[in-house]
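A.B. asks: Here is how the chains run, residue by residue.
There are 2 protein chains.
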Amino acid sequence: MDFKEIVMKRYASKEFDGKKIPQEKVDELLELIRYSASSFNLQTWKVKVIEDQETKDKLLAASMNQPQITTCSHLLVFCADANIMSNIKKIEKMMKDAGVPEAGYKGYIDMMIGFESSMNDAKRVEYAKEQVFIALGNALNGAASLGFDSCPMGGFNPVEFKKILELPENLHPAVLCPIGYGADEPKPKMRFSKEDVFF
Amino acid sequence: MDFKEIVMKRYASKEFDGKKIPQEKVDELLELIRYSASSFNLQTWKVKVIEDQETKDKLLAASMNQPQITTCSHLLVFCADANIMSNIKKIEKMMKDAGVPEAGYKGYIDMMIGFESSMNDAKRVEYAKEQVFIALGNALNGAASLGFDSCPMGGFNPVEFKKILELPENLHPAVLCPIGYGADEPKPKMRFSKEDVFF
Chain A
2 MDFKEIVMKR
12 YASKEFDGKK
22 IPQEKVDELL
32 ELIRYSASSF
42 NLQTWKVKVI
52 EDQETKDKLL
62 AASMNQPQIT
72 TCSHLLVFCA
82 DANIMSNIKK
92 IEKMMKDAGV
102 PEAGYKGYID
112 MMIGFESSMN
122 DAKRVEYAKE
132 QVFIALGNAL
142 NGAASLGFDS
152 CPMGGFNPVE
162 FKKILELPEN
172 LHPAVLCPIG
182 YGADEPKPKM
192 RFSKEDVFF
Chain B
2 MDFKEIVMKR
12 YASKEFDGKK
22 IPQEKVDELL
32 ELIRYSASSF
42 NLQTWKVKVI
52 EDQETKDKLL
62 AASMNQPQIT
72 TCSHLLVFCA
82 DANIMSNIKK
92 IEKMMKDAGV
102 PEAGYKGYID
112 MMIGFESSMN
122 DAKRVEYAKE
132 QVFIALGNAL
142 NGAASLGFDS
152 CPMGGFNPVE
162 FKKILELPEN
172 LHPAVLCPIG
182 YGADEPKPKM
192 RFSKEDVFF
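Residue numbers (the working numbering), protein chains in the order written: chain A, 2 to 200; chain B, 2 to 200.
Worth flagging that the hints you see were computed from the coordinates, not collected in a lab.
Honestly, I wouldn't trust all of these hints.
Unchecked claim - No more than 35 Å apart at the CA atoms, straight line, and that leaves these computed lysine-lysine pairs for DSBU-like:
no.: 1; chain 1: A; residue 1: Lys90; chain 2: B; residue 2: Lys195
no.: 2; chain 1: A; residue 1: Lys10; chain 2: B; residue 2: Lys49
no.: 3; chain 1: A; residue 1: Lys97; chain 2: B; residue 2: Lys5
no.: 4; chain 1: B; residue 1: Lys195; chain 2: A; residue 2: Lys57
no.: 5; chain 1: B; residue 1: Lys5; chain 2: A; residue 2: Lys21
no.: 6; chain 1: B; residue 1: Lys59; chain 2: A; residue 2: Lys107
no.: 7; chain 1: B; residue 1: Lys26; chain 2: A; residue 2: Lys188
no.: 8; chain 1: A; residue 1: Lys190; chain 2: B; residue 2: Lys90
no.: 9; chain 1: A; residue 1: Lys20; chain 2: B; residue 2: Lys107
no.: 10; chain 1: A; residue 1: Lys164; chain 2: B; residue 2: Lys49
no.: 11; chain 1: B; residue 1: Lys26; chain 2: A; residue 2: Lys10
no.: 12; chain 1: A; residue 1: Lys124; chain 2: B; residue 2: Lys15
no.: 13; chain 1: A; residue 1: Lys190; chain 2: B; residue 2: Lys10
no.: 14; chain 1: A; residue 1: Lys124; chain 2: B; residue 2: Lys195
no.: 15; chain 1: B; residue 1: Lys20; chain 2: A; residue 2: Lys107
no.: 16; chain 1: B; residue 1: Lys163; chain 2: A; residue 2: Lys124
no.: 17; chain 1: A; residue 1: Lys10; chain 2: B; residue 2: Lys195
no.: 18; chain 1: A; residue 1: Lys107; chain 2: B; residue 2: Lys91
no.: 19; chain 1: A; residue 1: Lys195; chain 2: B; residue 2: Lys163
no.: 20; chain 1: B; residue 1: Lys195; chain 2: A; residue 2: Lys190
no.: 21; chain 1: A; residue 1: Lys163; chain 2: B; residue 2: Lys124
no.: 22; chain 1: B; residue 1: Lys195; chain 2: A; residue 2: Lys195
no.: 23; chain 1: A; residue 1: Lys57; chain 2: B; residue 2: Lys59
no.: 24; chain 1: A; residue 1: Lys15; chain 2: B; residue 2: Lys91
no.: 25; chain 1: B; residue 1: Lys97; chain 2: A; residue 2: Lys124
no.: 26; chain 1: A; residue 1: Lys5; chain 2: B; residue 2: Lys190
It should be emphasised that the depicted structure is a prediction, and the values quoted were computed from it without experimental measurement.
Given these sequences and hints, build the entire structure.
C.D. replies: Here you go:
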């Protein structure tokens, strides 16, 4: 399927049929997410992958009782990772381990450290979240390309999610992406005109 | 090209060769951007498409003198549109014009109005920006699928951009995406491990 077909086929499924997506397909989707672009390649995301029904049921009330949560095959909880310094250190180690000489990465690492220290805590979360939305895009298009459906969902209570999923302090649930096989039909796409969007 | 190939082929080009992308290819990319997913389908983005060299040259100093700005074919300035209420009204009008009976959209419009009024101005910008990053993802993957290159860029001065491009108050430059033909070679992709990203 070419990319245009993927983009036009993708839709936000409002209810799934409960069937499980084969594990190898889920794994393929996770690879597409993992290879998303991000600012400085900092990959400021962690994704909780929820398959068991009990956890999904527990999250339903914190998701405005939307049926996608309990009818999906897997629920992906995209979290922004605000511990940016830890990611900078991981990148530095990966480059060192890959045999890149220090002169080849020091400027890049120093630039990231300077950037990181220019932000306050709220800004770090905001920055990390922006990258999460690039990865979300790969999840949505990726699902369509692999033959199943998805639904980007912002309507949930991140404080409750953090509590129920016992997330560490640095992880901030940013957006949900249940995946599965849609039990509904896509509606025709409605978009603002080209003249309205581009100038 | 299948989606996995697109994701693996895409890279952040650090310099372009200056050649122009044919207009019909640029138009295809803009359609891929326009059909991106967004929260409530609110499409809180506007994209300034810059082709003329004079404007690109003017923006160079406000982009940390990065050569992508002046060597690209087209520079896309992705702006977050914080006038969310205006977009809600446009969606309402589109539904009405499409012949949807009022009962079919009133609940949806009212929910969006309630959500919009729950945000302050800073939150509106943050929310609009998050959607912009989904559209950015379609631009990056879209460029690779159409046979040219791109570079997501956060290193620029949005205040200066707003002044130089004479943007209205509600538009906030969020991220740049120069497109063109890369004059550099992609480096091997480096990503955190699967075990590190998914939990």
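A.B. asks: Which numbered hints turn out to be false for this structure?
C.D. replies: When the structure is compared with the hints, numbers 10, 18, 22, 23 and 25 turn out to be violated.
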